[in-house]
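*Asks:* Go by the hints and put chain B onto chain A.
Protein chains: 2
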Amino acid sequence: MRVGFLGPKASYSHEAAQKIFPSFEKKAFDSISLAISAVEKNEVDYSVIPIENSTGGSITVTLDELVEKNVFISSEFLLPINHVFLSNSKKNKIDKIYSHAQGFAQCRNWIENKYPKAELIEVQSTSKAAQLSFEEENSAAIASEFAAKEFSLTILEKNISDSKSNETRFVVISNKENSPQGKNKTSIVFGVKDKPGALFDAIESFKRFGVNMTKIESRPSRKKNWEYLFFVDLDGNTTQKNILSALKELQEHCKDFKNLGSYSRVKT
Amino acid sequence: MRVGFLGPKASYSHEAAQKIFPSFEKKAFDSISLAISAVEKNEVDYSVIPIENSTGGSITVTLDELVEKNVFISSEFLLPINHVFLSNSKKNKIDKIYSHAQGFAQCRNWIENKYPKAELIEVQSTSKAAQLSFEEENSAAIASEFAAKEFSLTILEKNISDSKSNETRFVVISNKENSPQGKNKTSIVFGVKDKPGALFDAIESFKRFGVNMTKIESRPSRKKNWEYLFFVDLDGNTTQKNILSALKELQEHCKDFKNLGSYSRVKT
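As they're listed, the protein sequences go chains A and B.
Going by the numbering used here, the first sequence opens with residue 1, and the numbers climb by one from there.
Going by the numbering used here, the second sequence opens with residue 1, and the numbers climb by one from there.
Isolated chain A, as found in the complex (with noise of 0.2 Å):
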């Protein structure tokens, strides 16, 4: 089995591919969007991929890819993120600052407090900002006690994350659907047809056969301005009657259903 991740090596998703499938062979991808079109093509059998932040909140680019990709998510993980600030040069030399647009997200008073001034580099991953601040004086990163550890960088401060419970929820990815018996979470995405109320008209089905909503988050739809595709978790899975009963009537409403699939998360 081969498990895909959002490089380079020590970056939070390696830590959580490394939890959740300790024992299989890992492969690094420089983006989320290729960690995910590996699965589709069958190059990996699973990818470890950031979804969401307790601080930053939605990873965008996963929500777009998982609409747009022939992928399911088949299960899920959470990750304490602990940023630390990271640089071989002096606290007070520090004119430059590399990071992942949610570490810079989830450190942002501290950031403004200790470093108002400095030039922020948002880059693909935590990890590949530790590796710049590794090759270029003055400049620090923030990124993780694993990255500090593979890139011979001291840690200048622990514990920056404004939120101390500052967590990841990362999904794994797969080109099959899961079998939904037993699993305690539906993910759905979904476009609403063109009217006024028709948004509240659709999520009523939820209400009506007693489904928890547990979490709704919009994105553009990406075919027209300003129209928009809603993703929404749901307490159970489509095994149960009211579950089914509520996504059929929804599918009334909408258009560009999509079930992401029922699935568990992971305890390691």
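In case anyone wonders, no lab produced these hints; they're calculated from the structure.
Heads up, a few of these hints could be off.
Where chains are identical, the list cannot tell them apart; a pair therefore holds if satisfied intra-copy or between any two copies.
Straight-line alpha carbon distances no greater than 30 Å define the calculated DSS-like cross-link-like pairs of lysine-lysine that follow [stated by the list, open to error]:
1) Lys183 x Lys91
2) Lys114 x Lys41
3) Lys96 x Lys9
4) Lys91 x Lys248
5) Lys19 x Lys114
6) Lys195 x Lys241
7) Lys215 x Lys193
It should be emphasised that the depicted structure is a prediction, and the values quoted were computed from it without experimental measurement.
*Replies:* Below, chain B alone, put in the same frame as chain A:
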């Protein structure tokens, strides 16, 4: 009157600010957060910042800042975004591309097709990207024609956005609440109480009073993990009886309510 924008010079925010306030003095800020703080502290009268792109989706920093800071929306403006591919190097020598995260999101298919192996470096604005590309050989930028002129870069390709009708919605931020009279849009943000169906119960008030909800978007509350704030746009203004009644009922089901303002779109 002084108007702030997300800089540096020649950014799309600068272009929007020029169109909305052609005769006022302009001041560039290094981040959305600084542009909003300047309004809060009365250093500028207004700031013009992006809130949403038709392809890339919400500018999440803007949403978070509208909650955290004591500011309001006083108008909105739609700017067509025509990204171009800029460099002073040869097409086949380019191995690094600078842009804003939204520039990458809006040209994702084009990049995957033309430069699948290029290193993508996200910076704070497309105009910053143009400046960095000007300074570095074999690099390119995804930015505006306005930035091409400003930084003396050659346009290697035009119209590279995945959607040919790509637009960004900008908001004008003020530290005073607008008079709602005559305005056609109202934006609010709220959290819901921690019980099943709470979000549904909250937005049911719009249905009951015939208020059209045109958008719903969620963001982390930044107070508790996996708890959300919902940003909702409504047709109409807060002098209308049905909107007042719906908002009153909504507040019985929600917490942390903020009225971001009733406002209209500026046409130029």
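*Asks:* Next, verify each hint and record whether it holds.
*Replies:* Cross-check of the supplied hints:
1. Lys183 x Lys91: neither (48 Å within a copy, 50 Å between copies)
2. Lys114 x Lys41: Close across copies (20 Å), not inside one copy (45 Å); limit 30 Å.
3. Lys96 x Lys9: both (23 Å within a copy, 20 Å between copies)
4. Lys91 x Lys248: This pair counts as neither: shortest intra-copy Cα distance 58 Å, inter-copy 51 Å.
5. Lys19 x Lys114: neither (33 Å within a copy, 35 Å between copies)
6. Lys195 x Lys241: Cα proximity of Lys195 and Lys241: in one copy and across copies (29 Å, 22 Å).
7. Lys215 x Lys193: both (21 Å within a copy, 13 Å between copies)
Checked against the numbered hints given earlier, this structure breaks hints 1, 4 and 5; the rest are met.
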